[in-house]
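Peer 1: Letter by letter, the chains look like this.
There are 2 protein chains.
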Amino acid sequence: MKLLKEKIINEGKVVDSEVLKVDNFLNHQLDINFLNEIGKEFKEIFKDIKVDRILTIESSGIAIAYAAAKYFDVPVVFAKKTESRSLDEEIYESQIFSFTKGRAYKARVSKKYIKNGENILILDDFLANGRAVLGLKSIVEQASANLSGVGIVIEKGFQEGGRLLRDMGINLKSLAIIDSMEKGKIKFR
Amino acid sequence: MKLLKEKIINEGKVVDSEVLKVDNFLNHQLDINFLNEIGKEFKEIFKDIKVDRILTIESSGIAIAYAAAKYFDVPVVFAKKTESRSLDEEIYESQIFSFTKGRAYKARVSKKYIKNGENILILDDFLANGRAVLGLKSIVEQASANLSGVGIVIEKGFQEGGRLLRDMGINLKSLAIIDSMEKGKIKFR
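Keeping their order, the protein sequence lines are chains R and G.
Just so you know, the first sequence maps onto residues 5 to 193 in our numbering.
Just so you know, the second sequence maps onto residues 5 to 193 in our numbering.
Simulated from the structure, these hints should not be mistaken for laboratory data.
It cannot be assumed that every hint is accurate.
Identical copies carry no separate label here, and so any pair may be met within one copy or between two of them.
[Stated by the list, open to error] Below, in silico cross-link-like pairs of lysine to aspartate or glutamate (EDC-like), each with a Cα-Cα straight-line distance of 20 Å or less: (1) LYS17 <-> GLU87; (2) LYS141 <-> GLU48; (3) LYS116 <-> ASP35; (4) LYS115 <-> ASP35; (5) LYS110 <-> GLU45.
Whenever a hint applies, use it, and build me the whole structure from the sequences.
Peer 2: Written out as structure tokens, the structure is:
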């Protein structure tokens, strides 16, 4: 997606060869008009699949899922990372290891919000090692729902997540794939 | 707001006299069309004030702020509750005590995303004791910005936040104020 690549080049900040900061438009400040284009693009890419619900994980996935949901005209459900009184007792749960944070956390979704046989589209901001997507996939499977697709805004192509998920036969689409960020220079696939 | 009150009555769940669950449309599953109406309503209520940026806090505030930002045509910035590599070193920070969780947490905003003299509208899903809003207000003040208004979806009128903030002269508007939830029955103000 051309607009996204330009945005990454112009506003992203390469911290080191593994960390890209896009807090200017994607995960701290939100550029609403840009996110709307992201949502539209996901609908275009996934126009041929059935989607009953969009699943993401708090917090950075929420705005992206919201933007896309308007075009799919389906509800969003976001997995929670923290214990919450607003969560039901009846939940699907999976353990996710974060390489960035060096520790595991749990993702939880109320059983009310993913139903047997539904077609689920997972959306998230970044794909690196793929652990968050695998955790959400496990929740979809626990619900006996169908994983229709996985949409990612920025895939770090130099980490294993993309290959791992594609090798499993998952319908994964990334709007931008970065192959390297050596010496502060971003190379797209 | 009539639509919101109906939604609370029909889909909300009173857990006890202090806890209302609205995870069906506001803070776990997101009803996109409904949230769009919430966004439109905030614009209507705050149509006479200047807003350069909307400030909220992860996670439940994000979708609400996004929905409203479209009508104000301004960016959103959401305060982070966790340490993050995507945050700058240069941040505004405030400590917030959560009565729900019985512990304090920090809210952080990069100095890049709130500027001196800007007009800031704070939006959030719930107002109870008002500590989250006071924490965000402190961040606005640290930035020498101007707090134009505070918009809340659901105010728990039986807790002290609303009175506290109004007594301080804050331009606080809540789309629904609940005066009590005794015996499972919701009474609106």
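Peer 1: Now tell me if each hint is right for this structure.
Peer 2: Now the hints, each set against the structure:
1. LYS17 <-> GLU87: Classified as between: cross-chain Cα gap 18 Å, same-chain 33 Å, threshold 20 Å.
2. LYS141 <-> GLU48: neither (22 Å within a copy, 40 Å between copies)
3. LYS116 <-> ASP35: Answer is between: at 14 Å across copies they meet the 20 Å cutoff, but 31 Å inside does not.
4. LYS115 <-> ASP35: between (32 Å within a copy, 17 Å between copies)
5. LYS110 <-> GLU45: Neither way: LYS110 and GLU45 sit 30 Å apart in one copy and 35 Å across, limit 20 Å.
Taken one by one, the earlier hints fail for this structure at numbers 2 and 5, listed in ascending order.
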